[in-house]
Structures are given as structure tokens and as C-alpha cells.
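*Asks:* Sequence:
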Amino acid sequence: MVGGRFSRGQTSAQVEKDRGDREEEPQGLTYLKSSLREVDPEMADAIERETLREENKIVLIASENYTSDAVLEAQGGILTNKYAEGYPDKRYYGGCEYVDVVEKLAIQRAKELFGAAHANVQPLSGTAANMGVYFAVLQPGDTILGMSLSHGGHLSHGAPVNFSGRLYKAVFYGVSRETECIDYDQIRSLAKEVKPKMIIAGASSYSRTIDFRRFREIADEVGAYFTADMAHIAGLVAAGVHPTPIPYAHFVTSTTHKTLRGPRGGFILCQEEFGDLIDQSVFPGLQGGPLMHVIAAKGVCFKEAMTEEFRQYQRQVIRNAQVLAEELKKCGFKVVSGGTDNHLFLLDLT
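For what it's worth, my numbering labels the leading residue of the sequence shown as 1090, then goes sequentially.
For the record, the hints were derived by calculation from the structure and aren't laboratory data. Just so you know, not all the hints are guaranteed correct.
Pairs of lysine to aspartate or glutamate, EDC-like flavour, derived with a Cα cap of 16 angstroms [as the list claims (entries may be wrong)]:
1. 1392 to 1162
2. 1423 to 1269
3. 1392 to 1158
4. 1286 to 1306
5. 1392 to 1201
6. 1284 to 1201
7. 1200 to 1361
8. 1258 to 1300
9. 1179 to 1189
10. 1284 to 1309
11. 1284 to 1274
12. 1284 to 1306
13. 1286 to 1310
Each pair of labels, with its calculated beta carbon distance range [claimed, not checked]:
14. 1396 to 1427: 31 to 39 angstroms
15. 1165 to 1427: 41 to 49 angstroms
16. 1303 to 1138: 43 to 51 angstroms
17. 1408 to 1161: 21 to 29 angstroms
18. 1427 to 1121: 54 to 62 angstroms
19. 1170 to 1419: 52 to 60 angstroms
20. 1404 to 1131: 39 to 47 angstroms
21. 1230 to 1281: 14 to 22 angstroms
22. 1281 to 1170: 51 to 59 angstroms
23. 1143 to 1197: 26 to 34 angstroms
24. 1138 to 1165: 16 to 24 angstroms
25. 1127 to 1283: 55 to 63 angstroms
26. 1312 to 1369: 21 to 29 angstroms
Because the structure is a prediction, the values reported are computed rather than measured. We put the beta carbon where it would ideally sit given N, CA and C, even for glycine.
Put together the whole structure using the sequences plus the hints.
*Replies:* Structure (C-alpha cells):
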């Protein structure tokens, strides 16, 4: 019996037997349609406790956020099942016609949201996005110039314990001792001295506006690629409350969580001339099958970020950070650089 109809040569008795076989659940497979709590109560308890923690405590971790129900629904859905190595219309597996739609939507929305010529939404994380850029245009042993981890930079910008510090010769710039802001004169001086192949802007704990134009000017002076890692400020950039790196950077990397309020993952934006290099670097150079359920959730968060409600939210985030910083200063705390222009600020507790 096929699709509820008789197959050729079947008797009515055989049809009834087939129906009974289908209706009787195979032993050992009942978990496929059972709830998480029925299958794994210990895991369900842990997730429930985490839900209560997030709902009942104030979380001041700048790299965390709360995704929408729509993002959670997209990420927790059936796309988890699908293997889709390759890119839309160029897959190594069959049955990708619908995940192609998903990835095309995410790509188009990322390009539209940030005004970019090319987008790759497959990187599994922000560090994977940075790896994709490095592997596209750098060779092992090349010099990179990034922000010192101790001054607010990120591991993947050349820290010795990270792949970026092992594969490449990393030189670091920092903040001015007087202003506690990025010292662009120091960056220019270092760049002229070491002639890096790439200069990286971006930070994991920096509270002031980044001048991407000045970074590009310095990069052009020494013939370097300029990469902007906007992972922390992507939501602010999308809302227009922080200057965008798109007109200046050869490559822009980011996460989709943090201020963008999407799923945990990464993406790369670049000029059209580098599009093929980036795509080949991510797959097959760096990753295998992309996480299509996460890409769907990325697409949802990009759409959410296009709304006026999202822009209002980002403006309020900055106001909240500035008010809290000022109130803590009144209580006697020393705020690094005297305040904040974005979603975070730092306290000097020394």
C-alpha cells in the first residue's frame, strides 16, 4: 500500500496487515515523539533551571543577550536534520531546495542590513569568521596588527594562546594611558615599523566609538588589509547608533549574538572582489556542513534588526549603559575612559 492506496498486486488482507504494522510503534523508537522531560528529565531540569536563572537575575555580561521566540523557534526546528555542504544551488547533497531558500534569505538580509556587497553566513562562531578571513588572504608567518588582549582586544586577534598567535606573527596596539582610548598614533607608528599584512580593529571590552576611517587610512599607508571585527557592536551598527565599518574595511566579521540578539554564530561581510576567496576559505577550507537551523535563526535576527523597534532598543541600550556608568561614578567607582559610547563600560578596581 502506497500513500493510502493499493499497490499493484496487493490483496485487501495485505493492506490491512500493512496498516497494522505502521500503527504499531516499533519498540525502542517511542522517544522520537516524546518530550524532552519524558526522554531525559535530568537535562530538562538543567534547562529549566537555566531558564529561571535568565528570567530572574540581572545579567551584565556584555557578550550575552536574550533572543526572540522566533529565533528560538527557527533554531530548534526541523532544519537540524539537514546536511547541506556547499552553498545555495551548489550543494553536495540532494534535497537542499528549501535550505537553499533559507540561506539565500539570510545572505540577502545580512547584505541589506549592513549595506554589504557580499555575505557569508556559514561561520560557526566569531572566531571561525575571523579564521575564514585570515585563511583567505594570509599565509602562516605573516604579520598581523591587532588590539592587545590586556587592553580590550580578543583572543582571535593574535593572542599567543590562540591559533591566530600561533600561525601568525602578532603585534599589538593598545589604549592611551592618559585617555584610556585607542591610540591611533601608536597604531600608525607600529604599522609603519612592522608592515603588517593585516590590521584588525575590534575589541571584546572597549567602551568607546571606533574610528574605522582612521584604521583604513593607516592600512592604506602600509599596504595592509583592514579587517573590522564588529562582534560586540553589530546590533549598534545595524541600528545606526555606531559608525559602520562597511565603507572602510576590506573584511568585516561578527557574531550574531551579543547586541544583534540572534543565535550563537558568526558571519563575514566583504567587498565583492573578495567574495569567492571568503566562500572558499569557509567551505571547503575551514568547515564542513553548515548548521542550517542556525542559519535560519540568523536570517530571522537580521530581519528583526531591520525594524524600528530594534533601533529603539539599541538606542535605549546605550542610554542604559551611560546612566549606569554615571551612577557608579557618583558612588565612587572609576569608570575606564570616563564613560561609554556603546553597550558596555569597564570599572577600574585596581
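*Asks:* Each hint: holds or not?
*Replies:* Results of checking the hints against the structure:
A C-alpha spacing of about 15 angstroms is found between residue 1392 and residue 1162, which places the hinted pair at or below 16 angstroms, so the restraint holds. Distance restraint check for residue 1423 and residue 1269: the Cα-Cα separation of roughly 12 angstroms lies within the 16 angstroms cut-off, and the hinted pair is therefore satisfied. In summary, the hint linking residue 1392 to residue 1158 is supported, as the alpha carbons are separated by about 14 angstroms, within the 16 angstroms threshold. Between the alpha carbons of residue 1286 and residue 1306 the distance comes to roughly 14 angstroms, so the proposed pair stays at or under 16 angstroms and holds.
Distance hint between residue 1392 and residue 1201 is fulfilled; the C-alpha atoms sit about 10 angstroms from each other, no more than 16 angstroms. The straight-line distance between the Cα atoms of residue 1284 and residue 1201 is roughly 34 angstroms, outside the 16 angstroms bound, and the hint therefore fails. Between residue 1200 and residue 1361 the CA atoms are separated by roughly 11 angstroms; this keeps the pair inside 16 angstroms, and the hint holds. Restraint check for residue 1258 and residue 1300: the C-alpha separation of about 24 angstroms exceeds 16 angstroms, so the hint is violated.
Straight-line distance between C-alpha atoms of residue 1179 and residue 1189 comes to about 9 angstroms, which keeps the hinted pair within the 16 angstroms bound. Straight-line distance between C-alpha atoms of residue 1284 and residue 1309 comes to about 11 angstroms, which keeps the hinted pair within the 16 angstroms bound. Taking the CA atoms of residue 1284 and residue 1274, the gap is about 15 angstroms. The hint holds against a cut of 16 angstroms. The straight-line distance between the Cα atoms of residue 1284 and residue 1306 is roughly 14 angstroms, inside the 16 angstroms bound, and the hint therefore holds.
Proximity of residue 1286 to residue 1310 is assessed by CA-CA distance (about 12 angstroms); at most 16 angstroms being required, the pair is judged to hold. Between residue 1396 and residue 1427 the beta carbons are some 33 angstroms apart, a value that agrees with the proposed interval 31 to 39 angstroms. Between residue 1165 and residue 1427 the CB atoms are about 43 angstroms apart, so this pair conforms to the stated range of 41 to 49 angstroms. The given range of 43 to 51 angstroms is respected by residue 1303 and residue 1138, whose C-beta atoms sit roughly 47 angstroms from each other.
Remark: the range hint 21 to 29 angstroms for residue 1408 to residue 1161 is upheld by a beta-carbon distance near 27 angstroms. Distance hint check: the CB atoms of residue 1427 and residue 1121 are about 58 angstroms apart, consistent with the given range 54 to 62 angstroms. Separation of residue 1170 from residue 1419 is about 54 angstroms and conforms to the stated range, judged on CB atoms against 52 to 60 angstroms. Residue 1404 and residue 1131 have their C-beta atoms about 42 angstroms apart, which keeps the hinted 39 to 47 angstroms range intact.
Checked against the hint of 14 to 22 angstroms, the C-beta distance between residue 1230 and residue 1281 comes to roughly 20 angstroms, which is consistent with it. Against the hinted window of 51 to 59 angstroms, the Cβ-Cβ separation of residue 1281 and residue 1170 comes to about 53 angstroms, which satisfies the hint. A hinted range of 26 to 34 angstroms for the beta carbons of residue 1143 and residue 1197 is consistent with their spacing of about 31 angstroms. Distance hint check for residue 1138 and residue 1165: the Cβ-Cβ separation is about 18 angstroms, which falls inside the suggested range of 16 to 24 angstroms.
In this structure the supplied range 55 to 63 angstroms holds for residue 1127 paired with residue 1283, their Cβ-Cβ distance being about 60 angstroms. For the hinted restraint 21 to 29 angstroms between residue 1312 and residue 1369, the CB-CB distance of approximately 23 angstroms keeps it satisfied.
When held up to the earlier numbered hints, the structure conflicts with 6 and 8 and fits the remainder.
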